[in-house]
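Number of protein chains: 2
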Amino acid sequence: MKASPDASASLGQLRVQFEAWLELKMKNLQGVSNELHAAMSYGLLDGGKRLRASLMFATGKALGLNPEVLFDAACAIEAIHAYSLVHDDLPSMDNDVLRRGKPTCHVKYGEAMALLAGDALQTTAFQWLAESTLLPPLVRLEQVRILAQASGAQGMANGQAIDLAHVGKSMSVDELTHMHARKTGDLIAASVRLAYCAKEGLVDTKANLEQFAKALGLAYQVIDDILDVEASSEVLGKTSGKDAMSNKPTMVSLMGLQKAKDLLNTLEQQALQACEHFDEESRSHLVLLTEWITKRKS
Amino acid sequence: MKASPDASASLGQLRVQFEAWLELKMKNLQGVSNELHAAMSYGLLDGGKRLRASLMFATGKALGLNPEVLFDAACAIEAIHAYSLVHDDLPSMDNDVLRRGKPTCHVKYGEAMALLAGDALQTTAFQWLAESTLLPPLVRLEQVRILAQASGAQGMANGQAIDLAHVGKSMSVDELTHMHARKTGDLIAASVRLAYCAKEGLVDTKANLEQFAKALGLAYQVIDDILDVEASSEVLGKTSGKDAMSNKPTMVSLMGLQKAKDLLNTLEQQALQACEHFDEESRSHLVLLTEWITKRKS
Chain A
1 MKASPDASAS
11 LGQLRVQFEA
21 WLELKMKNLQ
31 GVSNELHAAM
41 SYGLLDGGKR
51 LRASLMFATG
61 KALGLNPEVL
71 FDAACAIEAI
81 HAYSLVHDDL
91 PSMDNDVLRR
101 GKPTCHVKYG
111 EAMALLAGDA
121 LQTTAFQWLA
131 ESTLLPPLVR
141 LEQVRILAQA
151 SGAQGMANGQ
161 AIDLAHVGKS
171 MSVDELTHMH
181 ARKTGDLIAA
191 SVRLAYCAKE
201 GLVDTKANLE
211 QFAKALGLAY
221 QVIDDILDVE
231 ASSEVLGKTS
241 GKDAMSNKPT
251 MVSLMGLQKA
261 KDLLNTLEQQ
271 ALQACEHFDE
281 ESRSHLVLLT
291 EWITKRKS
Chain B
1 MKASPDASAS
11 LGQLRVQFEA
21 WLELKMKNLQ
31 GVSNELHAAM
41 SYGLLDGGKR
51 LRASLMFATG
61 KALGLNPEVL
71 FDAACAIEAI
81 HAYSLVHDDL
91 PSMDNDVLRR
101 GKPTCHVKYG
111 EAMALLAGDA
121 LQTTAFQWLA
131 ESTLLPPLVR
141 LEQVRILAQA
151 SGAQGMANGQ
161 AIDLAHVGKS
171 MSVDELTHMH
181 ARKTGDLIAA
191 SVRLAYCAKE
201 GLVDTKANLE
211 QFAKALGLAY
221 QVIDDILDVE
231 ASSEVLGKTS
241 GKDAMSNKPT
251 MVSLMGLQKA
261 KDLLNTLEQQ
271 ALQACEHFDE
281 ESRSHLVLLT
291 EWITKRKS
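Chains as they are written, first to last, in the working numbering: chain A, 1 to 298; chain B, 1 to 298.
All the pointers check out, no bait thrown in.
Cβ-Cβ distance ranges computed for the label pairs, FRET-style: (1) Leu63/B / Leu202/A: 37 to 47 angstroms; (2) Ala9/A / Lys49/B: 51 to 61 angstroms; (3) Gly47/B / Gln258/A: 46 to 56 angstroms; (4) Gly256/A / Glu68/B: 47 to 57 angstroms; (5) Pro103/B / Ala165/A: 11 to 21 angstroms; (6) Trp292/B / Gln211/A: 51 to 61 angstroms.
Listed below are several chain A residues computed to face chain B (Cβ distance under 10 angstroms; list not exhaustive): (7) Leu29; (8) Gly31; (9) Ser33; (10) Leu36; (11) His37; (12) Leu90; (13) Glu111; (14) Glu142; (15) Arg145; (16) Ile146; (17) Gln154; (18) Gly155; (19) Arg182.
Simulated pairs of lysine to aspartate or glutamate, DMTMM-like, Cα-Cα distance not exceeding 20 angstroms: (20) Lys248/A / Glu111/B; (21) Lys259/A / Glu230/A; (22) Lys248/B / Glu35/A; (23) Lys248/B / Glu111/A.
Worth flagging that the hints you see were computed from the coordinates, not collected in a lab.
Ideal Cβ placement from N, Cα and C applies to all residues, glycine included.
Bound-form chain A, shown alone (with noise of 0.2 angstroms):
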């Protein structure tokens, strides 16, 4: 199965029109103080490969949903990524100077603005869903209740929490499979069920999509700890090989580099698998994707 350049081209395109419409929801939120609108728009656009919306459409497309009524939700996500971002580059969590090379939002704000900067970003991701008029209230709440279970106390702040809890303790597979489910894979997987929860009657395909949703999660943190060995700082824009000096466990300190390569391989596969059950037009922005992050080099 392989990604066509038209499905490149499509999703590229649709990408240009969310973030359209993402600098326009920032825009519309208004009676917001110049400073912390400044802040939250530097956290949240012009920057960011918007992963977690593509997959939204990704999953939207294979379903036969017409992507723009998805935005909404798609800004939400992107919203709970930027903030998680913000908060994790503090200098009391990873302490990160740079981001996507440039600044990062309390260098810029500072650390008290980036705080409340990430704080608003985090409710204006379920102000968004709750204000939105392009799906049912009841697939809205179910989106609110998709996003918070995936970002909060049982979801990514979770897995950052175990991650903060074992910096220099020792981490079995099995554990740091844990804490990447949380910490990256349950919002990659909340994109796919943030689409899917808008289309009706899906049991076979929901199962489909659950499989889909978890190897390509756990596969985005994989490649992820592959690459902060594998390439350089420039490349990343971000600061390199920090979690191999911080002496964090990474799937590579534990498995070894080609285990770890194996491990990405198998994910792949079944992201893939997962797929087969549309048909190859209707799947072709979810293998883009799937190739799109497990051979990404950045």
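Position chain B relative to chain A; hints supplied.
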């Protein structure tokens, strides 16, 4: 209009029931790593006046609602309040080491874990609303909207950002009123709104409750400013005189102590007037909480 001892006893009893419910909600939040769960619980449980939850129940009582249908939403607003306190106390914000007479969350659990606990408490608020079975889905989606608007970029976080941008700078009474309304007032007002949105067809009542909510929200901050210069650290359970020392504009610094007290009195009258709409028994908890806020010594 005066609060009765009966009102105080029945509201007190309700608070005990609610506290047990809140503890159960935290206990049922499963799959959370020990450290994160402990830090979240430390910020949320065993302390605090539960003013926002109580205001919800008082509003529900005025409208003839069973308080128990509001329990999950009350947990949600208390979680939002708790998150804001945990983040406010952080070194990059107010750098407070004492809260309710106990070490603040970051003093006890470290800065990174306190940041995550605050983040996760916010998410949990929305998760509890989305997962609740106590109210119909449409009401809960509206509650997500109310809570997000009141606490996010247009509400509480905005007030914090305005505050941050004005340390050491002058501010007019109007600007300070606007800042207070966002920083504290919106969440107080949201307590009233979260309850009345559960009841249908309330045009006049809604206007009265809006007047009540706004007056009380501002009163809460005015008395805070008065107490900041009048009360001792011992009574407050937190560092007092901090605002005055750090040159932050307050109602007292801008209009003087006497005029601030006059304003407080006016706001109290406005709040009580708005309650006249209800019969004596129905309004009893609203009257009690108004007295409690405007006459408090800490």
